[in-house]
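Peer 1: Residues per chain are reported as follows:
2 protein chains.
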Amino acid sequence: MGLDMKQMVKQDQEVIKQHNKHLVLDVIRKHRPISRAEISKATKMSATSIGRIVNELTSEGLVKETALTSTGVGRKAIKLDIEPGGRYSIGVDIQKKRILLGVMDFSEKIVFTEQVAHTAIEAAPEATIALIAQTVQQCLDARGIPRSKVTGIGVGTPGVIDYARGIVLLSATLGWKNISLAAMLLQATGFRTVIDNDLKVKILGEYLFGSAKGSDKTVLINVGTGIGASLIINGEIFRGGSNSAGELGHTTLDPNGNLCECGKRGCLQTYIEESALLSEARRIKPITDIAQLFEAARAQEMWALEIMHRTSLYIGITINNIVCLYNPDTVIISGDLVENYGEILQLLQEHCKTVIWEPFRESLKVIASELEGQAIVMGAGVLALQLEIQH
Amino acid sequence: MGLDMKQMVKQDQEVIKQHNKHLVLDVIRKHRPISRAEISKATKMSATSIGRIVNELTSEGLVKETALTSTGVGRKAIKLDIEPGGRYSIGVDIQKKRILLGVMDFSEKIVFTEQVAHTAIEAAPEATIALIAQTVQQCLDARGIPRSKVTGIGVGTPGVIDYARGIVLLSATLGWKNISLAAMLLQATGFRTVIDNDLKVKILGEYLFGSAKGSDKTVLINVGTGIGASLIINGEIFRGGSNSAGELGHTTLDPNGNLCECGKRGCLQTYIEESALLSEARRIKPITDIAQLFEAARAQEMWALEIMHRTSLYIGITINNIVCLYNPDTVIISGDLVENYGEILQLLQEHCKTVIWEPFRESLKVIASELEGQAIVMGAGVLALQLEIQH
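Chains as they are written, first to last, in my numbering: chain A, 1 to 391; chain B, 1 to 391.
For reference, chain A alone in the conformation it holds in the complex (with noise of 0.2 Å):
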């Protein structure tokens, strides 16, 4: 809808204020440290402009000054740089049997991180939420960090998420349904929070801070107790429709294969999920933990082998499938498997040789997560650390 024209302008001025004032803390987050001088050359805008835009953020404790001065010709000038300190978010992961939270400053590192055993399926969701707002008050006390210093928290959660709303439409996993998670942790903290689906605040974390550094498109692949995956598209996540983009487990992978619970044949989870990597060691040996299946491999007995190399054989075929339609250039490979049987990766880029079409087959890197554990954290602690800079 339009507005009158003066309106406009007058609204657009605030804007472009705005803007300007974050294209200058993008430039000195990127480029730190930088002065007042090479600030103004890269955003084209006036010295005086800079200045009087320099002296807002120093003021509100968002940059600093250096002890460094630029080196060129003329008069030297100081150098600024982003004041680690100037903010703060907090980065929660919520997986099955654990919470770890991690405190990410303003230059974008995890300064202190906290992690807590906690089954969420065997609690109410209310004790669930308690837990976590005490841990955070916890983490701020134990780093002398002000509330009044806290842009606020981000949630990454095994589920489908309503992100819009902030709330867990359904999480198998922590047995949630329609839970407000958002309004919950605002209510209990204070804190104004955003909340997402794991695996999507996992790759951004990786497309910002690890292994996907620099890539335009990037999929990633979670495989362990539940198979998943998230898509980032020139730096932005993508969520198809109701958030749910991303439901690997039930593509099929074997028009005639294995039963699965959802009542479809062949679907890829009865092949390469935890549990099925289970069934189908069990069927030579009763062992009780993956584990053990990991060891066997590793001893070279021939029926492990021959699970672990399937497993990638069919990793790799979905991969195919993934590259065909969506044509990422980076596939990060991430979960439980990989954390705990690295050679999967090995073999897997060994079928990639065969089992990737051709014309995509060269431009394709296939890699392990780098954050491993963190990238949630690190992914949700920087959604948060947004909130501040959005307002």
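One thing to keep in mind: the hints can contain errors.
The list treats identical chains as one, so a pair stands whether inside a single copy or across any two.
[As the list claims (entries may be wrong)] No farther apart than 30 Å at their CA atoms in a straight line, the calculated lysine-lysine pairs in the DSSO-like style are these:
#: 1; residue 1: Lys149; residue 2: Lys177
#: 2; residue 1: Lys177; residue 2: Lys353
#: 3; residue 1: Lys365; residue 2: Lys177
#: 4; residue 1: Lys17; residue 2: Lys44
#: 5; residue 1: Lys353; residue 2: Lys41
#: 6; residue 1: Lys64; residue 2: Lys213
#: 7; residue 1: Lys177; residue 2: Lys97
Quick caveat, the hints were computed from the structure, so don't treat them as lab data. Since the structure is predicted, the reported quantities are computational estimates derived from the model, not experimental observations.
Given chain A, work out where chain B should sit, using these hints.
Peer 2: For chain B alone, kept in the frame of chain A given last:
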């Protein structure tokens, strides 16, 4: 990069002016016929602004007053409409053995089409382009359309297309490699030209005018002499890396399946492409043409029914894999197969009751292309009409 404050405000006023003009034109297009007062209400712009903008649009020949008046209380107001003859664009659909041209008027109606038999792969690209240029001129002459009213040419063509630079990177169907089609057509006709992959243009046509109207996330699957897919998300064509998302033919349907020309096993195209159906059929009967297979199926010959059964099952499984990854609300089936054997759609819808993952099953519509032969020309025509509106 930022601009100086004053420059930005000035530039911005021009942007706002253009924005408001497009907004008014858009409101007229969508709600025509409509009065100035109604436009003012819909856009929340002042009567003065609307009056000025409408005058501009009228003097540019894009909008006209109608004989209709508003029926509400108060002074009767004249209703405005788009002037269909205000501008024209030309949509071009280049296929294996024919070129189809359509002239689209400013109300986005195709007012004239012309089909020319031509096998591009047997000619030099220059000859094909000369033929298009000649046919464009014939179409304009036939309707008495002055060149000054033509915004440009839009082309949809099979292959990997560099949309931004207007280059056909590779088209096996046309036998083209690195052909600067947009620049060559501009030179041959004097009209600005946009080009895109035919299935991407086709889904745009279906989204704007056909079976996908009102859908948020649509996938189009083309089955015929080749296999392909395209996707619209929130009104935008999804492009993937190098504009080549949707290479459905080489997704793996069966890890132990048919050997494909690409060197992999079990590619979808080895099961459902026209040539695959033909070779299946020839195991039983020495047919020479795909139409004979369809006849046999209509005559209830078991072998032919079984081929169509498996074909529709495999298309259904492919739809499931797409739905799990992308989560679209609508899947359009287009191409020679459904155009010549429409019965496939019902078979397919039957399979979808079992092969689509249950949470996505109910909300998914699987339908046939509505515009069939004209979808590409219409999508391409709209792309070319936008050339004017953007400038």
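Peer 1: Next, verify each hint and record whether it holds.
Peer 2: Outcome of the hint check:
no.	hint	in the structure
1	Lys149 - Lys177	neither (33 Å within a copy, 57 Å between copies)
2	Lys177 - Lys353	between (42 Å within a copy, 26 Å between copies)
3	Lys365 - Lys177	between (37 Å within a copy, 26 Å between copies)
4	Lys17 - Lys44	both (15 Å within a copy, 25 Å between copies)
5	Lys353 - Lys41	neither (46 Å within a copy, 61 Å between copies)
6	Lys64 - Lys213	within (27 Å within a copy, 53 Å between copies)
7	Lys177 - Lys97	within (18 Å within a copy, 55 Å between copies)
Checked against the numbered hints given earlier, this structure breaks hints 1 and 5; the rest are met.
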